[in-house]
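Working from the sequences, and respecting the hints, build out all of it.
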Amino acid sequence: MASANNIAEIYGISIYNNTADWNNLIEQQQCPYLGRKCLKNRKSEAELTIGTCSVTYGKDKKDVIICPHRLLERRQIFTDCLHLLNSHEPGNELHIVAEVPIPGGNVDYFLVSTRDRKVKDFVAIELQTLDTTGTVWPFRQRFVNSKGILVKPEDLNSKKSFGMNWKMTAKTILVQMHHKIETFEHINKHLVLVVQNHLLDYMASEFSFAHISDNARIGDSMHFHAYQLNEASGKLRLNLVDRKSTDAEGISKCLGLESEARIELTEIIEKLEAKISDSTLMTI
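Here the sequence shown stands for residues 1 to 284, numbered as in full-length UniProt numbering.
The hints are simulated quantities; they were obtained by calculation from the structure and are not laboratory data. It cannot be assumed that every hint is accurate.
Below, simulated DSSO-like cross-link-like pairs (lysine-lysine); rule was C-alpha separation at most 30 angstroms, straight line [said to hold, decoys possible]:
1. K62 x K235
2. K118 x K59
3. K253 x K167
4. K37 x K189
5. K59 x K40
6. K61 x K118
7. K171 x K189
8. K160 x K171
9. K189 x K59
10. K37 x K253
11. K43 x K189
12. K118 x K275
13. K118 x K253
14. K147 x K275
15. K40 x K62
16. K171 x K271
17. K275 x K40
Beta-carbon label-pair distances, calculated as ranges [as the list claims (entries may be wrong)]:
18. L39 x T172: 11 to 21 angstroms
19. N239 x R42: 27 to 37 angstroms
20. D242 x R36: 24 to 34 angstroms
21. P153 x S252: 50 to 60 angstroms
22. R117 x I187: 16 to 26 angstroms
23. G234 x R117: 20 to 30 angstroms
24. H186 x K152: 52 to 62 angstroms
25. K160 x I187: 40 to 50 angstroms
26. S277 x R237: 39 to 49 angstroms
Just so you know, even glycine gets a beta-carbon here, dropped at the ideal spot from N, CA and C.
This is the structure we're talking about:
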């Protein structure tokens with residue numbers, strides 16, 4: 001029986017888009033969500049990027065996001081965190097600041113409310129998509145070849161496939177959240193984990209999630225925002241479908257781990273203000 005696995009999107013475009021200029025897309029290798037060349041280079045051919053945002057996987061043909069930058073579509077994930085800015089006021093500027101180090105590792109993004117470039121409030125946002133096993137490259141190359149673009153015969157004829165590393169992906173991100181949530185709870189701020197609905201469903205089935213609130217509470221420090229890919233007008237569109245919340249103790253219950261180091265509010269504010277500029281302004 002033929003595998004149901006395949007790529008679903010490449011460089012932000014559905015493989016079922018019949019009007020796309022595939023020759024130009026493959027040549028330019030641009031990520032529409034970052035506004036620059038795709039960051040996923042082939043190890044053996046550094047000049048080539050993989051460009052695969054999501055794949056079709058399994059017997060039920062789930063559309064599974066495998067690149068975290070795919071979650072940046074329309075910047076909707078940041079809009080969906082606005083309600084967690086407790087001290088944001090009309091007139092304040094909104095900034096999106098990337099890669100801020102705290103104990104436990106970097107935070108992917110901060111949504112920051114500022115007045116005169118001084119931080120008034122912020123929400124920390126982490127992105128996590130599914131890690132794959134094996135390789136999607138032969139699937140990508142077969143699709144490219146179907147559009148009349150020459151590829152290497154060994155790529156075209158490769159029998160290699162790919163799978164989803166559900167368990168390791170879920171456990172790794174929960175451990176990372178445990179390392180970081182103590183910090184944000186200590187300073188009365190929110191940390192949001194943005195995932196696809198398939199990954200959150202897996203977490204809920206494989207880890208102790210009975211105590212996690214299905215009705216997200218603003219008072220909780222740890223929030224889960226789950227998004228689904230829905231087909232609309234020949235495109236795959238990201239939509240928020242589920243929100244859950246808990247606190248530092250709740251994340252500990254999921255994993256049975258001890259608390260980690262904290263960092264003071266003033267130290268985070270200093271790091272954010274050093275990065276805020278015109279280029280970080282949030283635009284809608």
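Which of the listed hints are broken here?
2, 4, 6, 9, 10, 11, 13, 14, 23, 26
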